[in-house]
Amino acid sequence: MIHTPVASSLAWRRDRPWKKILLGGLGFATITGVGNAAWALPTGFPTSDRWQSHLKNELMPYWTSSSALGSPIGNFPSVRCNNGSLINYSQPCPEVNNGYLLQRRNSVVSMSRQTYGYCMAFHMTGNPQYLKYAKAGVDYLRQNAFDRARGGTYVYRDNTNGQWDNQPGLRNTQELAYALLGLSCYHYVTRDPAVLADITAAKNNIFQKYNNSALGLIQWQLQDGNGERALDKRFVAQVDQLSYMFLTMPDLPTLQKEQWKREMSKIADSMINQFYSPADNLFFLRNNSPDDRNLQRTGTDFGHSAKGLWTVRLVGRLTGRQDLVNFSRNNAPRLLDRAFLSGPGAWANGVKAGGAIDGEKSWWIYSELDQLAGVMALGDANYANRLTRTYNYWFNYFVDRPNGEVWTGIQANGNSPLGGFPKAWFWKNAYHSLEHAMFGYVTTAQLERRPVVLYYAFKQPPTSGTIRPHLFTGRLDSLTNAPDGTFGQIYRASFTNVGF
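If you're matching positions, the sequence shown starts at 1 in our numbering and goes up one per residue.
Keep in mind that the hints were calculated from the coordinates and are not lab data.
Honestly, I wouldn't trust all of these hints.
[To be verified] In silico lysine-lysine, BS3-like type, Cα no more than 27 Å apart, as pairs: (1) Lys459 x Lys20; (2) Lys459 x Lys261; (3) Lys459 x Lys132.
[Said to hold, decoys possible] So the derived label-pair ranges between C-beta atoms look like this: (4) Asp139 x Gly465: 27 to 37 Å; (5) Gln256 x Asp224: 28 to 38 Å; (6) Ala40 x Tyr100: 47 to 57 Å; (7) Gly419 x Phe395: 14 to 24 Å.
It should be emphasised that the depicted structure is a prediction, and the values quoted were computed from it without experimental measurement.
Beta carbons are placed, not taken as given, at the ideal position from N, Cα and C, and that holds for glycine.
Given the sequences, and given the hints that come with them, work out the whole structure.
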């Protein structure tokens, strides 16, 4: 099944009367990234235009088909077949034919991640249709998925009876964090104050109820159940708070911003102090016993280690803690060396208990490693040599060209997709593939010494130095705007000297 993408963003841009905004009166901050000295990128290194094409022609067709949008639009289905179709429960497609995936429920995590994906697509292309889909997702989540009586969000909707989960004590902090990802990305590109209010309230619910000073971290659940322990020490309960906080924090009022900075700093410390093994240079997923950080007994994936390193670096930059920046810079090279499979020119999944490399390739782990390597390339262009191979492996083997999106995984021996899970399920949606495309586009444009062009739909005209290129730093060189019937104004920003 081949889906028709939304109308070309180039077509709508040509028809708009873009007006230049004088930057001098807006007080925009100028933050310098790496220098502008030119170097030759390796032969075959994918261009920034290739990343734009990847998003528009290879990823978004899967997310813009009618089956992806839900009924009403914004009630995005959590599980779909590889060809994009909805589940036929009387005769399910093979890739969803197991009890876990055939649960008749919608996951708030997957709905939030799909909303994030539409925001990123708009942010990279300026096509307002993507933002309309994002707004539909935001509206649906705000109207339905927030537990207004008890705080925070629900985690799933039972589609057999239309009811949302009713056990707040069993909602874990990873799910509660990802419920805010789509809203935080929408707020980042629009600065919608009503959306910010819901993000702030749900974030406060997490930190007030789950922040456990005795454990020195954010606990997993409020009560035991569902086979889980409330006081389980889990890496994802810490690191996944940062995803929505990074997008939201820079736009907060000063006092609130400083509070978030302190909380982010504590999260980074808990990640390092409780889950990182200096001997192995890896983050482990639990810390309930010594064996949880013993590689002879417990394996771990490279994805959480890569994400741990680039998020710690970003916390360091945002909070002014050079020790965190140095921790990331010093340890990233060893991780990337260990994760790289020189034969296929790809990233491995992780390390098994005992020390053997797991040569399978998971979409999200691969994305995190590419993103970390891309960040490192901004300061050391030699990383472009390895990225030439890993990027092209992604384009050649992960992308499902007939139907769009990327496979969940690739086999260890050979380059064929792994079976077992479809391209859309409770924990795989547009998030990682679209964040990967954004990192690829931004870092590549900087390496090419081309401007990074991104789009926004601010509710109010910007008045302070807070326009920034996603999670990166950069110098805002030009800003234009044009009217839009739905969002008022679409802003086109051009950045140079991009760094991380």
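Status of each hint after checking the structure:
no.: 1; hint: Lys459 x Lys20; verdict: holds, 18 Å
no.: 2; hint: Lys459 x Lys261; verdict: holds, 25 Å
no.: 3; hint: Lys459 x Lys132; verdict: holds, 14 Å
no.: 4; hint: Asp139 x Gly465: 27 to 37 Å; verdict: holds, 30 Å
no.: 5; hint: Gln256 x Asp224: 28 to 38 Å; verdict: holds, 33 Å
no.: 6; hint: Ala40 x Tyr100: 47 to 57 Å; verdict: holds, 49 Å
no.: 7; hint: Gly419 x Phe395: 14 to 24 Å; verdict: holds, 22 Å
Every hint from the earlier list agrees with this structure, and none is contradicted.
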